[in-house]
Amino acid sequence: MFSDKFIQYIKHEKRFSAHTVTAYENDLKQFIAYLNPSGSTPSVIHPSEVSHHHIRNWMVQLMDEKLNARSVSRKLATLRKYFKFLLQQGLITANPASKVSSPRPDKKLPVIVDTDKITAMLDGRLDNEEDVVFPHTFKGLRDKLVIEMLFGTGMRLAELLSIKEDDIDTYERTIKVLGKRNKQRLLPVNNELFELIGQYIEAKKNQNFHNNSLTFIVTDKGANAYPKLIYLIVQKYLSYISTQNKKSPHVLRHTFATTLLNNGANLNAIKELLGHANLSATQIYTHNSVERLKSIYKQAHPKA
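So the sequence shown is numbered by the UniProt record's numbering: it starts at 1 and just counts up by one.
Pairs of lysine-lysine, DSS-like flavour, derived with a Cα cap of 25 Å:
| no. | residue 1 | residue 2 |
| --- | --- | --- |
| 1 | 204 | 236 |
| 2 | 5 | 29 |
| 3 | 81 | 29 |
| 4 | 298 | 117 |
| 5 | 271 | 176 |
| 6 | 117 | 139 |
| 7 | 84 | 29 |
| 8 | 164 | 228 |
| 9 | 176 | 228 |
| 10 | 271 | 183 |
| 11 | 139 | 246 |
| 12 | 5 | 81 |
| 13 | 204 | 221 |
| 14 | 14 | 81 |
| 15 | 204 | 228 |
| 16 | 236 | 139 |
| 17 | 164 | 183 |
| 18 | 247 | 228 |
| 19 | 164 | 204 |
| 20 | 99 | 84 |
| 21 | 139 | 204 |
| 22 | 228 | 139 |
| 23 | 81 | 99 |
| 24 | 84 | 5 |
| 25 | 246 | 228 |
| 26 | 66 | 108 |
| 27 | 108 | 180 |
| 28 | 99 | 5 |
| 29 | 164 | 271 |
| 30 | 176 | 205 |
| 31 | 271 | 246 |
| 32 | 11 | 84 |
| 33 | 205 | 221 |
| 34 | 81 | 11 |
| 35 | 29 | 66 |
Restraint ranges, calculated between C-beta atoms of paired labels, are given here:
| no. | residue 1 | residue 2 | range |
| --- | --- | --- | --- |
| 36 | 102 | 133 | 43 to 53 Å |
| 37 | 15 | 299 | 50 to 60 Å |
| 38 | 286 | 183 | 16 to 26 Å |
| 39 | 214 | 53 | 55 to 65 Å |
| 40 | 220 | 108 | 32 to 42 Å |
In short, the hints are calculated from the structure, not lab data.
These figures come from a predicted structure and were not determined experimentally.
Just so it is clear, CB atoms sit at the ideal spot from N, CA and C, and this is done for glycine as well.
Based on the provided sequences and hints, a complete structural model is requested.
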């Protein structure tokens, strides 16, 4: 199958990573094994005899074996590159994998948390209040601000970490963030978050940190905040209100967008607030809203 030549090609000429090379090698071994089952006469000897039917049937078998669509698509990508290499080498006259479409990936709904619960937590209205209330310390204030900023603006983790104090316009009540592809956008700030920002700035000054950080959000010692710190803060406080496994800054971003949509916000406006390049990335949140409507219908309609 000339697979050895291909592996040497991607390893030494294309300089793919060792992990990628191993993945490609395993994919090709699996495909060759499918074409030549053990104990039977090989049905395919030369790559020129491989047709798109062989590839499509293999993909169907993989899906029947419960391999997810993303993994099957990756194996198809391996075959496309492999047969493209053989085509360039003049060993075949057509790439059979080019006629096969990738399986449509399963759409995963964004994971969100209950809006009422997170609002109650931020307002200090939970039953186990004594355990949840943010401590009246600089650290407690900083932690609360992190949750409020992620939930109140929908900004990304990287955007939160890159904010400087100069990016906060206290007159216009906006925060300037630098998103993907270095695109800047302005995010509106609600009244509670605006007051919290003011309290944080004052508390930060009173700490008299010796090392002047460049970022707005800082560690307990005044250094620039870092991703793991934000993850730990989010995981700590979301564990008070949610039992789901996923507790990350992006969950708060998903919750922000879904909450806006459920309360009638325009999809294009949500797109701009999230900093999405196109509307298709924002439309995933409509699925959560549809599921919510189905749930309400089942609970409220006598024919449901």
